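Peer 1: Sequence:
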Amino acid sequence: MQVSQLVVVCVFLIFILVRSRVFAKNVNYDHVRHSLDPTPFPHSFKCFTCEKAKDNYHCNRWAEDKWCPQYTHFCKTVHHFNNHGKSMSVTKKCAIKEECHNLGCLHRKDSGHTECVSCCDGMICNVDVPTNHTNAVFSIMKSYRKSDACRSTSYSIILVSALLILLLLKP
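When you line the sequence shown up against mature numbering (1 follows the signal peptide of the UniProt record, and there is no 0), it's residues -24 to -1, 1 to 147, in that order.
Think of the hints as simulated: they come from the structure by calculation, not from any bench.
It cannot be assumed that every hint is accurate.
As the list claims (entries may be wrong) - With a cut-off of at most 30 Å between alpha-carbon atoms, the simulated DSBU-like pairs for lysine-lysine come out as follows:
#, residue 1, residue 2
1, K85, K42
2, K62, K42
3, K28, K73
4, K69, K30
5, K73, K30
6, K42, K73
7, K42, K28
8, K62, K85
9, K30, K42
10, K62, K30
11, K73, K62
12, K28, K69
13, K73, K85
14, K85, K69
15, K69, K42
16, K62, K28
17, K85, K28
On a predicted model such as this, the values are computed, not experimentally measured, just so you know.
Given only the sequences and the hints, what does the whole structure look like? Please build it.
Peer 2: Below, the structure is given as structure tokens:
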């Protein structure tokens, strides 16, 4: 590799590092955790909560905005709908692990409707309702703890790469 090519690569790597840091500083995280609503305990979270709302829209729109109790770790959604896919009721709540064992969809012959149940872990992770066996599952979403570590690791790799290239350029 020629010296001019190494300089271009080094400048490009530094540009990527600086650009990603600038954009990260401009991100507005207020929609995730409001500064006026402090967390009541470490690793606390919120779920959409409603009891027998007529559909997902009404549940999410009128969901109570409160922190889940400390002993809960998941958000649970129960969706009842008819044979044509029209929602009959939606219930969403904070849940303990034992409430998330019976997941999936079940057709109720007595009422003629289908019940799908799903659970997830993470801040307001229960936005959607389960409608079939592929989304009536337990979904793990708590990758946010790792994201900061991965971001700092990628910054470090870019910075070290740029410094190594600069050292190689010295005669």
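Peer 1: Can you list which hints this structure breaks, lowest number first?
Peer 2: Hint 1 contradicted; others consistent.
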